[in-house]
Amino acid sequence: MVNKLLSLNEATRTVNSGSNKVTLLDNINLQVNEGEFISLMGPSGSGKSTLLNCIGMLDSFTGGGYTFLGEPVHSMKEKNRSKLYKEYIGFVFQAYHLIDELTVWENIETPLLYKSVKSSERKGLVADMLDRFNIVGKKDLFPMQLSGGQQQLVGIARALIGKPKLILADEPTGNLNSKQSTEIMELFSDLNKEGVTIIQATHSEKNASYGSRIVNLLDGKIVEE
Amino acid sequence: MIKSFIKIAWRNIEASPLFSSINVLGLTLSLAIATLLFLFIHHENSFNQSLSNKDNIYRVLTEAKDYNDKIYASAAAMVAPTAIEEIPEVTDAVRFLKHGFGEPAYINTEFSEFIESSLYYADPSLFKIFDLELQQGLVNEALVKPNTAIISKSTAERYFGTDNVLGKTFKIDDEITVEITGVFSDLPTNITLDANVYISFATSFFSKRPTWSNVSLETYFLTAENTKQSMLKAKLGEMLEKNVQEDGRWYSLDVQPLNKVHLYSTHLSNAYSSKKGSIEQVKSLSWLALLILVIACINYMNLTTARSQKRSKEVGVSKTLGASTQNLITRFYAETGLITAISIVLGVLLALVFLPVFNNIAGKNIPNSMLWSLPFISSLLGVWMVSTLLAGSYPAIYLSNLSAKKILNGGKIGSRWSVNLRKSLVVLQFTASTMLIVGVYVIYNQLKFIQEKDLGFDKEQLMAISINGISSDNNVDLLRQKLSTLTTVESVGTAQGFPGKTVSGRMIQNPILDDGGMAVQTNRSDAKAIETMGMRFIAGKNLPLVKSEGDSLIEVVVNKKIVEYLGLTPEEAIGKKIQMLPGDNEYIVGVVDDFNYASLREPIGGYAFHNLATERKEYLIVKLRVTDLGTEINQVESNFKSIVPNVPFDYSFLDNNIEKLYLEEKQTATIGMLFSILAVFVACLGLFGLAAFTAEQRDKEISIRKVLGASVSGIVKLLSVDFIKLVLVALLIAFPLAYFVMNDWLQDFAYRVAISWHPFVFTAFAAIAVSILTVSFQAIKAAIANPVESLKTE
Chain L
308 MVNKLLSLNE
318 ATRTVNSGSN
328 KVTLLDNINL
338 QVNEGEFISL
348 MGPSGSGKST
358 LLNCIGMLDS
368 FTGGGYTFLG
378 EPVHSMKEKN
388 RSKLYKEYIG
398 FVFQAYHLID
408 ELTVWENIET
418 PLLYKSVKSS
428 ERKGLVADML
438 DRFNIVGKKD
448 LFPMQLSGGQ
458 QQLVGIARAL
468 IGKPKLILAD
478 EPTGNLNSKQ
488 STEIMELFSD
498 LNKEGVTIIQ
508 ATHSEKNASY
518 GSRIVNLLDG
528 KIVEE
Chain V
5 MIKSFIKIAW
15 RNIEASPLFS
25 SINVLGLTLS
35 LAIATLLFLF
45 IHHENSFNQS
55 LSNKDNIYRV
65 LTEAKDYNDK
75 IYASAAAMVA
85 PTAIEEIPEV
95 TDAVRFLKHG
105 FGEPAYINTE
115 FSEFIESSLY
125 YADPSLFKIF
135 DLELQQGLVN
145 EALVKPNTAI
155 ISKSTAERYF
165 GTDNVLGKTF
175 KIDDEITVEI
185 TGVFSDLPTN
195 ITLDANVYIS
205 FATSFFSKRP
215 TWSNVSLETY
225 FLTAENTKQS
235 MLKAKLGEML
245 EKNVQEDGRW
255 YSLDVQPLNK
265 VHLYSTHLSN
275 AYSSKKGSIE
285 QVKSLSWLAL
295 LILVIACINY
305 MNLTTARSQK
315 RSKEVGVSKT
325 LGASTQNLIT
335 RFYAETGLIT
345 AISIVLGVLL
355 ALVFLPVFNN
365 IAGKNIPNSM
375 LWSLPFISSL
385 LGVWMVSTLL
395 AGSYPAIYLS
405 NLSAKKILNG
415 GKIGSRWSVN
425 LRKSLVVLQF
435 TASTMLIVGV
445 YVIYNQLKFI
455 QEKDLGFDKE
465 QLMAISINGI
475 SSDNNVDLLR
485 QKLSTLTTVE
495 SVGTAQGFPG
505 KTVSGRMIQN
515 PILDDGGMAV
525 QTNRSDAKAI
535 ETMGMRFIAG
545 KNLPLVKSEG
555 DSLIEVVVNK
565 KIVEYLGLTP
575 EEAIGKKIQM
585 LPGDNEYIVG
595 VVDDFNYASL
605 REPIGGYAFH
615 NLATERKEYL
625 IVKLRVTDLG
635 TEINQVESNF
645 KSIVPNVPFD
655 YSFLDNNIEK
665 LYLEEKQTAT
675 IGMLFSILAV
685 FVACLGLFGL
695 AAFTAEQRDK
705 EISIRKVLGA
715 SVSGIVKLLS
725 VDFIKLVLVA
735 LLIAFPLAYF
745 VMNDWLQDFA
755 YRVAISWHPF
765 VFTAFAAIAV
775 SILTVSFQAI
785 KAAIANPVES
795 LKTE
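Respectively, the protein sequence lines represent chains L and V.
Numbering of the first sequence is given in my numbering, commencing with residue 308 and proceeding in unit increments.
Numbering of the second sequence is given in my numbering, commencing with residue 5 and proceeding in unit increments.
Think of the hints as simulated: they come from the structure by calculation, not from any bench.
Predicted model, so just to flag it, every value in this text is computed and none were measured.
C-beta atoms are modelled at their ideal positions from N, C-alpha and C, and glycine is treated no differently.
Be careful, since some hints might not be right.
[To be verified] Chain L is nowhere near these chain V residues, computed Cβ spacing over 10 Å in every case: (1) ARG15; (2) GLU229; (3) SER428; (4) LEU585; (5) TYR591; (6) SER603; (7) TYR655.
[Claimed, not checked] Below, in silico cross-link-like pairs of lysine-lysine (BS3-like), each with a Cα-Cα straight-line distance of 25 Å or less: (8) V:LYS58 <-> V:LYS280; (9) V:LYS317 <-> L:LYS445; (10) L:LYS422 <-> L:LYS472; (11) L:LYS390 <-> L:LYS311; (12) V:LYS69 <-> V:LYS287; (13) V:LYS280 <-> L:LYS393; (14) L:LYS430 <-> V:LYS11; (15) V:LYS7 <-> L:LYS446; (16) L:LYS390 <-> V:LYS317; (17) V:LYS279 <-> V:LYS264; (18) V:LYS7 <-> L:LYS393; (19) L:LYS328 <-> L:LYS528; (20) L:LYS430 <-> L:LYS390; (21) L:LYS390 <-> V:LYS721; (22) V:LYS58 <-> V:LYS427; (23) V:LYS212 <-> V:LYS175; (24) V:LYS7 <-> L:LYS422; (25) L:LYS328 <-> L:LYS311; (26) L:LYS386 <-> V:LYS317; (27) L:LYS425 <-> V:LYS11; (28) L:LYS470 <-> L:LYS425; (29) L:LYS393 <-> V:LYS317; (30) L:LYS470 <-> V:LYS317; (31) L:LYS500 <-> L:LYS311; (32) L:LYS446 <-> L:LYS393; (33) V:LYS11 <-> L:LYS446; (34) V:LYS69 <-> V:LYS246; (35) L:LYS422 <-> V:LYS317; (36) L:LYS445 <-> V:LYS7; (37) V:LYS11 <-> L:LYS422; (38) V:LYS232 <-> V:LYS246; (39) V:LYS132 <-> V:LYS58; (40) L:LYS445 <-> V:LYS11.
Take these sequences, add in the hints, and give me the full structure.
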């Protein structure tokens, strides 16, 4: 049986720019089931990142409904919302966004700190993750000492450490060369096979082809699925 | 989690050594200053607090009904014994009489002579009331018999080279010989008592003939628990009424609780202790400490938020990883706490190193050990917490509330509100520091004015040699003659006192007015002394040079103020009979121009020189012809010693004496100036931070402008102008405030400078110059950077 992970019902996001009201997302209807691998496509400014941010609860819709695991996000308090995304969502960014002052090990460990996981348990989890991504040898290096592909690997490892149900990736290969891109996308593919739901925003047809479903956006609207 | 926060904090410190060191330096300097000031304040506040009876000790005050309502910190000899007998609440009392009413004593031991400026006569109840203990000797027997003494350990070593001195004797003023029956440990620095030697009260002539009229004894009561000051005052009033005839009751009595004795006694006369605090000084230094701490905290905020662009990324990432605002606030506080902790440790070490220098400037004797006292450490912890909360507030709250989305999307952070706040902080900082500069400038001007003001007599090269220790009048005459033959000596006279030294207070009556008279200072002197001091005659002549035995006529030379009070012109006054001294035969022979015989804080009052043999003439007044001061003093000393070999040669110069009147101002000014300079320096560090921040914020703008052809100088100007504006605003706020504050301070002086434009122009110039220097460093750095670098990072 397929579980529904999230659903958007006429979700809208507008901002005020001066006296004009600008609609960034316009009546989005989207259902995502667990285990899906969705690629959001569309030109720059079509609303891909905004949609990802809103789904990831970093930003919120200004209208319509958003249900995540059966809970109504749109009518939720900030505190509960934060609890929800802390528990179930991991982010991967185009610019990696690792914390420069922390080592690889510490970067991966950080989400666990915010979840108040015990020290011994954290050690085990981080070690497993390093093992799995073959970066044990790099655990004491700082982000600046790594290549882009390696940094993104750490970024993904960090996103995965909290065992999220959903990974949101905003152009995860945008800063990488094609060889590194392929590696990352294959990694995503593997993760998806293990059951992690993934939503990625991408410009690349090739990357989109790794997904199970493509959603095309234009001017804040879903134009084609 | 805290561990991880501290780890990040530490790596942040390491990652940007320049910023971190500026930050730590600013805080360290300010905290070192604050530590010193707190030590000073703490030391002042701790006075007499260690005494077990501190809540039940009162000092008796004598309030004179005439004499300009003077209040004396001393009382008559009869007060203590009568009070013990008649007022049940007074359980015990101790009387102190300083030798010679405050004049130094001349001590002769078997081998050598000493000048002792802290010698007191005291009742044996001293031990019980003031917790005094003896290292050697028996408390029950000490200070009981006449001609016995107890001395402090260091004094014993000074006199005899050993502290094993029980049974040894010494001579005071070549008159009485006393035996040492006890040795006490040196008195703590924070207790009002300052004696090196206590002689038994039974030795003093007040013990044989106690009176109600002479109020020269500093008297402390030990009272029953919970005795009220007002009740004690009332009972003392009754006691006085019962025991003293109405015409002898020229004063009323009051008491002062011990905890007010140190800080609230500047208005009292006759307080013997050399350790006198002033609540005014404590207050102004407390404000200074607070101001400096605030400047430092503002600095920290500015420097920290200056790097917020960089730090914000970390905040954004942490937030997407699940950090709550609470987490982040804790984090920034942890970081601030770490930096302030480092700064406090360094600051305290710095303070420790500079404590001797500070003691020297402040004229205090604060021991190192005070740093480790529990109350001080707990107040340091308090400072740590408050400065962490204050300095950390802005970064913590501002940065933690940033929206993750906005940061990670590369949006510029820093709302108009926060930019304005930061600007206001800089304005506040500069307002505070420029006020300090103006204030110190004005204080210096006033002190210079005091130094250079024509005091109405010739204070240069005037030497006063104490002849109190010479018991034979013949020797004094001999000495005077011998000195006047020296080529280096212009003239010599003898007098009771001299300007800068309090002489006798009396009243002069104007027969026409029935106003009770005017308070005057009278100085018994000879004609030579008046001439030697360079008094300027405006009418009449000097006192007669010689006065024959049995001549009952009293000649008086008065100043202009007295003549004015009498309603006469100086010429009319000559030959007039007046009523001022005891007896009924005194006439004005001369009038001198007004001169400043006391501090310039006080307006000139009546002053008279006379030749009635009431007071002792305690000083030789000597005018030197200056060529080489060192050899001249030696010459005078060797002549002195040839006549009275056993009397210590104790001299001072009048101009030095006068300077001592302004010691407190001088200390406050020096401390103020030193710390103002540091405060300005710290404020500049803050400005530096803000400049760096702006340069960072406008990184891209600058690069684009350069690509479009802007010159380096154009960009430096662009970046600097904004800051100069801030400094100008600060000056606009600071100047009127400083003017009012300093004008108020100057009101304490009867003779004072007008506040001119000089300090303001100087301060404005200095502040602008220093800030341009600070800002342009950053501006130039930003302007000459390669634009490609900053454009690429976007």
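Run the distance test for LYS328 of chain L versus LYS528 of chain L: straight-line Cα separation, threshold 25 Å.
holds (16 Å)
Taking 25 Å as the top limit, are the C-alpha atoms of LYS445 of chain L and LYS7 of chain V close enough?
Answer holds: LYS445 of chain L to LYS7 of chain V is near 22 Å, not above 25 Å.
Decide, holds or violated, for the assertion that all CB atoms of chain L are farther than 10 Å from the CB of SER603 of chain V.
holds (61 Å)
Does the alpha-carbon distance linking LYS69 of chain V and LYS287 of chain V stay inside the 25 Å limit?
Since the Cα atoms of LYS69 of chain V and LYS287 of chain V sit roughly 31 Å apart, the hinted pair is violated (cutoff 25 Å).
Within 25 Å, alpha carbon to alpha carbon, are LYS132 of chain V and LYS58 of chain V?
Holds, at roughly 12 Å.
Between LYS393 of chain L and LYS317 of chain V, is the straight-line Cα distance small enough, at 25 Å or below?
Since the Cα atoms of LYS393 of chain L and LYS317 of chain V sit roughly 18 Å apart, the hinted pair holds (cutoff 25 Å).
Run the distance test for LYS7 of chain V versus LYS393 of chain L: straight-line Cα separation, threshold 25 Å.
Measuring from Cα to Cα gives roughly 21 Å; hence the hint holds.
Measure nothing beyond the straight line between the CA atoms of LYS445 of chain L and LYS11 of chain V; if it is 25 Å or shorter, mark the hint as holding.
Holds, at roughly 19 Å.
Decide if the proposed pair is consistent with the structure: LYS58 of chain V and LYS280 of chain V, CA atoms, cutoff 25 Å inclusive.
Holds: LYS58 of chain V and LYS280 of chain V sit about 17 Å apart, inside 25 Å.
25 Å limit on alpha-carbon distance, applied to hinted pair LYS425 of chain L and LYS11 of chain V:
holds (18 Å)
Going straight from one Cα to the other, do LYS279 of chain V and LYS264 of chain V come out at no more than 25 Å?
holds (13 Å)
Measure nothing beyond the straight line between the CA atoms of LYS430 of chain L and LYS11 of chain V; if it is 25 Å or shorter, mark the hint as holding.
This hinted pair holds, its Cα atoms lying about 17 Å apart.
Of the numbered hints listed earlier, those contradicted by the structure are 1, 12, 13, 21, 22, 25.
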